[in-house]
Amino acid sequence: MIAEVGLFSLVLAFTLAVAQATVPLYGAAVGDGRLMAFARSSAIGQLLFVAFAFGSLTAAFVVSDFSVSLVAQHSHSAKPLMYKISGVWGNHEGSMLLWVLILAIFGGAVAAFARNLPDTLVARVLAVQGMIGAGFLAFILFTSNPFARLDPAPVNGNGLNPLLQDPGLATHPPFLYLGYVGFSMAFSFAVAALIEGRVDPAWARWVRPWTLAAWAFLTMGIMLGSLWAYYELGWGGWWFWDPVENASLMPWLAGTALLHSAIVVEKRDALKRWTILLAILTFTLSLIGTFLVRSGVISSVHSFASDPARGVFILGLLVATTGGALTLYAIRAPQMKLGNLFAFASRETSLILNNVFLVVTCGAIFIGTFLPLFVQISNGDQLSVGAPVYNFFFVPLAIVLMALMAIGPLLSWKRGNIAAALFRLKVAAVAALGVAAGTLLLQAGWAAIAFAVAAWLLVGSVWVIVERMNLSGGLGAAWARAAGLPRSAWGMVVAHAGVAVCAIGIASMSVWTAETVTLLKAGQAASVAGYEVRLLSVRDEQGPNYTAKVGRFAVSIGGAQIDEMIAEKRVYPNPGSETTEAALRVRPLDVLYVTLGQGHPDGVWTVRMYHHPLVVFIWGGAVIMVLGGLLSLSDRRLRVGAPRRAAA
Amino acid sequence: MNAFGRTNPLWLLLCVLLFSSLAHAVEPDEKLADPALEARARALTAELRCVVCQNQSVDDSDAPLAKDIRVLVRERIMAGDTDEEVIDYIVARYGRFVLLNPPLSGDTVLLWFGPGILLVVGLALAYLYVRRLNRAPVAPQPLSPAEEDAVKRIIEDPRA
Amino acid sequence: MSRYLSLVPLFLLLALAAYFAIGLSTDSRTVKSVLIDKPLPAFDLPKFGADGETFGSESLKGRVSLLNVFASWCITCRVEHPVLVKLTQEKRVAIYGLAWKDKPEELKAWLEELGNPYLAIADDAKGRTAIDLGVTGAPETYVIDKKGRIRFKQVGAIDDYVWRETIEPLVAHLEAEP
Numbered sequence: 001m002i003a004e005v006g007l008f009s010l011v012l013a014f015t016l017a018v019a020q021a022t023v024p025l026y027g028a029a030v031g032d033g034r035l036m037a038f039a040r041s042s043a044i045g046q047l048l049f050v051a052f053a054f055g056s057l058t059a060a061f062v063v064s065d066f067s068v069s070l071v072a073q074h075s076h077s078a079k080p081l082m083y084k085i086s087g088v089w090g091n092h093e094g095s096m097l098l099w100v101l102i103l104a105i106f107g108g109a110v111a112a113f114a115r116n117l118p119d120t121l122v123a124r125v126l127a128v129q130g131m132i133g134a135g136f137l138a139f140i141l142f143t144s145n146p147f148a149r150l151d152p153a154p155v156n157g158n159g160l161n162p163l164l165q166d167p168g169l170a171t172h173p174p175f176l177y178l179g180y181v182g183f184s185m186a187f188s189f190a191v192a193a194l195i196e197g198r199v200d201p202a203w204a205r206w207v208r209p210w211t212l213a214a215w216a217f218l219t220m221g222i223m224l225g226s227l228w229a230y231y232e233l234g235w236g237g238w239w240f241w242d243p244v245e246n247a248s249l250m251p252w253l254a255g256t257a258l259l260h261s262a263i264v265v266e267k268r269d270a271l272k273r274w275t276i277l278l279a280i281l282t283f284t285l286s287l288i289g290t291f292l293v294r295s296g297v298i299s300s301v302h303s304f305a306s307d308p309a310r311g312v313f314i315l316g317l318l319v320a321t322t323g324g325a326l327t328l329y330a331i332r333a334p335q336m337k338l339g340n341l342f343a344f345a346s347r348e349t350s351l352i353l354n355n356v357f358l359v360v361t362c363g364a365i366f367i368g369t370f371l372p373l374f375v376q377i378s379n380g381d382q383l384s385v386g387a388p389v390y391n392f393f394f395v396p397l398a399i400v401l402m403a404l405m406a407i408g409p410l411l412s413w414k415r416g417n418i419a420a421a422l423f424r425l426k427v428a429a430v431a432a433l434g435v436a437a438g439t440l441l442l443q444a445g446w447a448a449i450a451f452a453v454a455a456w457l458l459v460g461s462v463w464v465i466v467e468r469m470n471l472s473g474g475l476g477a478a479w480a481r482a483a484g485l486p487r488s489a490w491g492m493v494v495a496h497a498g499v500a501v502c503a504i505g506i507a508s509m510s511v512w513t514a515e516t517v518t519l520l521k522a523g524q525a526a527s528v529a530g531y532e533v534r535l536l537s538v539r540d541e542q543g544p545n546y547t548a549k550v551g552r553f554a555v556s557i558g559g560a561q562i563d564e565m566i567a568e569k570r571v572y573p574n575p576g577s578e579t580t581e582a583a584l585r586v587r588p589l590d591v592l593y594v595t596l597g598q599g600h601p602d603g604v605w606t607v608r609m610y611h612h613p614l615v616v617f618i619w620g621g622a623v624i625m626v627l628g629g630l631l632s633l634s635d636r637r638l639r640v641g642a643p644r645r646a647a648a
Numbered sequence: 001m002n003a004f005g006r007t008n009p010l011w012l013l014l015c016v017l018l019f020s021s022l023a024h025a026v027e028p029d030e031k032l033a034d035p036a037l038e039a040r041a042r043a044l045t046a047e048l049r050c051v052v053c054q055n056q057s058v059d060d061s062d063a064p065l066a067k068d069i070r071v072l073v074r075e076r077i078m079a080g081d082t083d084e085e086v087i088d089y090i091v092a093r094y095g096r097f098v099l100l101n102p103p104l105s106g107d108t109v110l111l112w113f114g115p116g117i118l119l120v121v122g123l124a125l126a127y128l129y130v131r132r133l134n135r136a137p138v139a140p141q142p143l144s145p146a147e148e149d150a151v152k153r154i155i156e157d158p159r160a
Numbered sequence: 001m002s003r004y005l006s007l008v009p010l011f012l013l014l015a016l017a018a019y020f021a022i023g024l025s026t027d028s029r030t031v032k033s034v035l036i037d038k039p040l041p042a043f044d045l046p047k048f049g050a051d052g053e054t055f056g057s058e059s060l061k062g063r064v065s066l067l068n069v070f071a072s073w074c075i076t077c078r079v080e081h082p083v084l085v086k087l088t089q090e091k092r093v094a095i096y097g098l099a100w101k102d103k104p105e106e107l108k109a110w111l112e113e114l115g116n117p118y119l120a121i122a123d124d125a126k127g128r129t130a131i132d133l134g135v136t137g138a139p140e141t142y143v144i145d146k147k148g149r150i151r152f153k154q155v156g157a158i159d160d161y162v163w164r165e166t167i168e169p170l171v172a173h174l175e176a177e178p
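Keeping their order, the protein sequence lines are chains A, B and C.
Heads up: the first sequence begins at 1 in this note's numbering, then just goes up one per residue.
Heads up: the second sequence begins at 1 in this note's numbering, then just goes up one per residue.
Heads up: the third sequence begins at 1 in this note's numbering, then just goes up one per residue.
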């Protein structure tokens with residue numbers, strides 16, 4: 001019964017979305033306040049209906065109602081409650097419902113909180129949101145009904161794949177979706193602005209919090225996925241340049257560019273056309289991400305939900321959404337004013353360069369991801385583009401970008417002084433040279449450049465704050481000055497420092513990873529990077545829905561035992577498969593990573609041990625970036641809808 | 001069978017499902033005694049795609065076929081093959097598809113030059129944009145007669 | 001100028017969409033063989049069930065035949081097997097087998113259970129010949145012409161449809177070649 005109510009609720013949400021997509025638009029065109037106000041109430045209504053549908057599906061999973069086909073396929077009564085719930089979005093249909101739920105949440109948030117925005121803008125933004133919502137709800141209703149029944153109902157379900165029964169992976173998709181879908185706000189604001197024919201600093205201030213929030217969520221989502229891969233897949237890989245990972249990185253890069261170009265619009269009323277285009281591009285890349293995963297158009301094992309019919313539908317959505325927006329863009333953009341003047345050496349130019357590098361990096365990944373498909377279509381030949389290619393392009397572009405990132409914030413708007421900025425960065429330069437020399441002594445080779453640039457960026461970013469604190473005037477006064485800086489300034493410094501920290505982790509992983517693969521019997525030991533790891537025992541154990549081989553290891557340095565570690569190999573009967581639970585000894589500066597491999601006769605086990613120095617910095621850096629985003633988001637000036645548009 | 005669509009490397013999942021084992025990659029018995037040769041073998045297999053797992057390198061993969069190819073690569077190295085000869089040997093059997101780092105050819109021009117072209121075009125567009133905004137004269141407007149008067153007064157009597 | 005520049009993104013999108021649309025109708029999962037129209041790589045392997053004898057690529061010359069790569073551990077092969085058995089019973093085409101990384105006793109039990117459609121089976125216990133053939137997984141089937149060249153590679157199981165639509169016409173065509 002609950003499934004039918006859920007489905008009915010979705011149908012109502014769809015109907016309402018269609019109304020939301022049209023009525024307010026007409027209202028805004030003819031200036032009818034009541035029709036425009038309908039946008040807010042319908043957005044709230046849509047949120048309620050979609051939330052109810054989502055709740056119904058969650059209820060079906062929680063009570064293990066196997067008469068619902070989706071539950072039967074992806075859940076099992078013996079599964080822990082948490083994974084019953086995460087099972088809701090651990091499949092195609094449910095994840096699309098989550099997508100639409102998040103879209104509705106964003107729409108509802110605009111309706112509820114954006115009180116100070118002009119009515120026409122709210123009406124148009126929500127109408128565009130309504131169009132996207134209607135498209136995706138139609139997609140769910142026509143191709144991916146999550147509430148389909150199964151008759152007769154099976155006694156038990158197939159179970160969720162054990163690799164996915166993990167806290168990291170339970171939370172990864174929602175964050176990723178909050179990011180992807182969050183960029184729909186930037187898109188809707190851009191389209192609304194194109195309809196109104198008006199882009200100005202006030203517009204940029206309204207878009208910024210939504211973009212910032214989406215960006216922070218996406219950063220978090222990517223970081224959680226990478227972290228999950230690291231500890232769950234059993235060999236310490238943290239990024240694979242897989243098409244689906246690329247699909248999340250591309251909107252991240254474009255969204256990062258958008259955050260920066262929107263600052264130019266906000267502060268200087270320039271770069272408007274480009275910013276609008278970026279907003280459209282960023283959401284398009286989010287849609288392509290969805291498209292890529294849902295259609296199997298690229299051979300990635302991620303594309304389990306491969307289904308050409310769905311792919312065609314999403315392609316139609318893509319063309320309608322982005323094509324519509326770009327048509328509007330082609331009509332309106334030439335009428336937009338070029339913007340205020342600025343000199344070559346200025347903050348404006350530095351932000352433009354930031355955009356060039358981010359977008360080119362995004363473009364390089366795009367080419368790498370889609371070229372195999374393109375080649376196959378044009379001459380039937382097959383091609384692989386793997387990590388070596390991506391690293392070849394990504395690393396130099398990222399290094400140049402990071403080098404520039406330290407300079408940009410020191411240039412003033414309109415007319416800056418590069419020489420003065422560089423002079424102010426002398427401490428950072430010394431740090432960079434010191435780090436380069438130090439890492440070269442440690443045989444880091446080419447990675448020394450990456451370390452040096454990361455040090456340059458880290459010190460350079462923090463230096464901005466230190467300078468403003470003016471330590472000569474006493475600590476108390478300095479602290480007061482620091483606290484007095486706007487949150488957005490702090491946000492930038494923290495986020496930039498996060499990039500540097502992340503880069504240090506990546507560079508360290510690429511040069512200093514040590515690995516030992518060996519055969520051990522209980523009592524035998526092997527060493528990796530100065531740690532001696534001894535296999536104590538391997539025992540059988542029984543978990544809630546799996547059985548496991550549990551290996552205990554003793555870790556010692558120089559003969560003195562410092563720790564014990566436990567690595568598992570689990571066998572899940574529903575569905576039958578194995579996972580590796582690596583033993584991790586996590587310290588801020590290094591991770592010792594031990595896995596129990598294959599068993600051999602006579603109690604001999606393949607044991608893999610890795611030493612990963614500074615690997616924590618990779619995700620730590622990402623978390624710091626997110627903190628920077630949140631700091632910036634908490635800035636008073638960016639409160640949603642707070643600023644009124646200056647009287648024209 | 002279904003899984004998270006948009007997540008991290010689930011191709012591993014496929015390998016897991018197909019081969020029911022998550023012990024990864026190089027087994028101790030495969031390794032060459034000479035560390036230099038072993039390092040070469042690792043570097044080579046890291047650039048070869050595991051044809052069974054689609055998006056995983058031979059070095060990372062646990063598929064039996066990947067293991068065979070790892071052993072094969074090491075045999076070729078022991079037999080004195082150069083890196084190019086080993087790669088050619090594999091490509092002659094599996095085609096260019098196995099190369100994660102595809103060589104420059106007619107249809108990979110876009111891959112190898114595309115990003116560079118994008119960068120040049122991006123920088124050029126940025127330059128043109130900045131120049132347009134920069135070239136427009138920032139010359140000060142002449143002062144109005146009233147302003148001239150005000151300036152004169154201030155110069156003559158700074159305290160006013 | 002800027003009017004035309006503003007149209008560029010739209011055209012790029014449309015081109016991209018067209019490209020995706022074609023991509024949706026293309027199967028990107030199977031790996032094509034580079035060995036098409038090339039001679040079958042030379043091999044000489046122990047002949048299964050015949051102690052001391054060998055079976056090699058030379059034996060495949062002179063007639064149109066199928067070389068089926070299979071294994072008793074392969075689930076899809078079990079699905080495919082009855083089709084091969086039927087083809088042999090109806091004398092449609094000569095089928096040879098390449099047992100890929102199989103154990104003799106398991107292979108024997110498998111053939112006893114499901115029947116043996118093969119004229120001869122090469123025992124590739126080490127899997128080295130399979131690599132020479134560019135095998136990516138079992139089952140795979142090579143169509144060999146009279147001169148011993150590979151003319152077609154079927155990745156995955158042969159079912160009635162594949163046989164009727166693809167392999168049977170090809171075999172007939174190859175039979176007609178000198």
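Heads up, a few of these hints could be off.
To be verified - A short list of chain C residues far from chain A (calculated; beta carbon distances all over 10 Å):
1. SER6
2. PRO9
3. TYR19
4. GLY52
5. GLU53
6. SER57
7. GLY62
8. GLN89
9. GLU105
10. ALA120
11. GLY148
12. ASP159
13. LEU174
Stated by the list, open to error - With a Cα cut of at most 25 Å, we get these calculated SDA-like pairs of lysine to any residue:
14. LYS31/B to GLN382/A
15. LYS67/B to LYS103/C
16. LYS67/B to VAL64/C
17. LYS67/B to GLY380/A
18. LYS126/C to ASP81/B
19. LYS31/B to LYS414/A
20. LYS31/B to GLY380/A
21. LYS337/A to ALA124/B
22. LYS126/C to LEU13/C
23. LYS549/A to PRO28/B
24. LYS108/C to ARG151/C
25. LYS414/A to LEU143/B
26. LYS126/C to ALA33/B
27. LYS38/C to ILE95/C
28. LYS67/B to GLY603/A
29. LYS101/C to PRO601/A
30. LYS38/C to ILE75/C
31. LYS103/C to ASP29/B
32. LYS31/B to PRO601/A
33. LYS31/B to ARG128/C
34. LYS67/B to LYS414/A
35. LYS67/B to LEU35/C
36. LYS126/C to ASP88/B
37. LYS67/B to GLY599/A
Read the hints as simulated data drawn from the structure, not as lab findings.
Note that the structure is a prediction, hence the values are computed from the model and not measured.
Beta carbons are placed, not taken as given, at the ideal position from N, Cα and C, and that holds for glycine.
Going through the hints against the structure:
{"no.": "1", "hint": "SER6", "in the structure": "violated, 4 Å"}
{"no.": "2", "hint": "PRO9", "in the structure": "violated, 5 Å"}
{"no.": "3", "hint": "TYR19", "in the structure": "violated, 6 Å"}
{"no.": "4", "hint": "GLY52", "in the structure": "holds, 30 Å"}
{"no.": "5", "hint": "GLU53", "in the structure": "holds, 33 Å"}
{"no.": "6", "hint": "SER57", "in the structure": "holds, 26 Å"}
{"no.": "7", "hint": "GLY62", "in the structure": "holds, 31 Å"}
{"no.": "8", "hint": "GLN89", "in the structure": "holds, 35 Å"}
{"no.": "9", "hint": "GLU105", "in the structure": "holds, 19 Å"}
{"no.": "10", "hint": "ALA120", "in the structure": "holds, 32 Å"}
{"no.": "11", "hint": "GLY148", "in the structure": "holds, 25 Å"}
{"no.": "12", "hint": "ASP159", "in the structure": "holds, 20 Å"}
{"no.": "13", "hint": "LEU174", "in the structure": "holds, 22 Å"}
{"no.": "14", "hint": "LYS31/B to GLN382/A", "in the structure": "violated, 31 Å"}
{"no.": "15", "hint": "LYS67/B to LYS103/C", "in the structure": "holds, 18 Å"}
{"no.": "16", "hint": "LYS67/B to VAL64/C", "in the structure": "violated, 33 Å"}
{"no.": "17", "hint": "LYS67/B to GLY380/A", "in the structure": "violated, 29 Å"}
{"no.": "18", "hint": "LYS126/C to ASP81/B", "in the structure": "holds, 21 Å"}
{"no.": "19", "hint": "LYS31/B to LYS414/A", "in the structure": "violated, 61 Å"}
{"no.": "20", "hint": "LYS31/B to GLY380/A", "in the structure": "violated, 37 Å"}
{"no.": "21", "hint": "LYS337/A to ALA124/B", "in the structure": "holds, 21 Å"}
{"no.": "22", "hint": "LYS126/C to LEU13/C", "in the structure": "violated, 50 Å"}
{"no.": "23", "hint": "LYS549/A to PRO28/B", "in the structure": "holds, 20 Å"}
{"no.": "24", "hint": "LYS108/C to ARG151/C", "in the structure": "violated, 30 Å"}
{"no.": "25", "hint": "LYS414/A to LEU143/B", "in the structure": "holds, 22 Å"}
{"no.": "26", "hint": "LYS126/C to ALA33/B", "in the structure": "holds, 22 Å"}
{"no.": "27", "hint": "LYS38/C to ILE95/C", "in the structure": "holds, 19 Å"}
{"no.": "28", "hint": "LYS67/B to GLY603/A", "in the structure": "holds, 23 Å"}
{"no.": "29", "hint": "LYS101/C to PRO601/A", "in the structure": "holds, 21 Å"}
{"no.": "30", "hint": "LYS38/C to ILE75/C", "in the structure": "violated, 30 Å"}
{"no.": "31", "hint": "LYS103/C to ASP29/B", "in the structure": "holds, 21 Å"}
{"no.": "32", "hint": "LYS31/B to PRO601/A", "in the structure": "holds, 20 Å"}
{"no.": "33", "hint": "LYS31/B to ARG128/C", "in the structure": "holds, 18 Å"}
{"no.": "34", "hint": "LYS67/B to LYS414/A", "in the structure": "violated, 60 Å"}
{"no.": "35", "hint": "LYS67/B to LEU35/C", "in the structure": "holds, 22 Å"}
{"no.": "36", "hint": "LYS126/C to ASP88/B", "in the structure": "holds, 21 Å"}
{"no.": "37", "hint": "LYS67/B to GLY599/A", "in the structure": "holds, 17 Å"}
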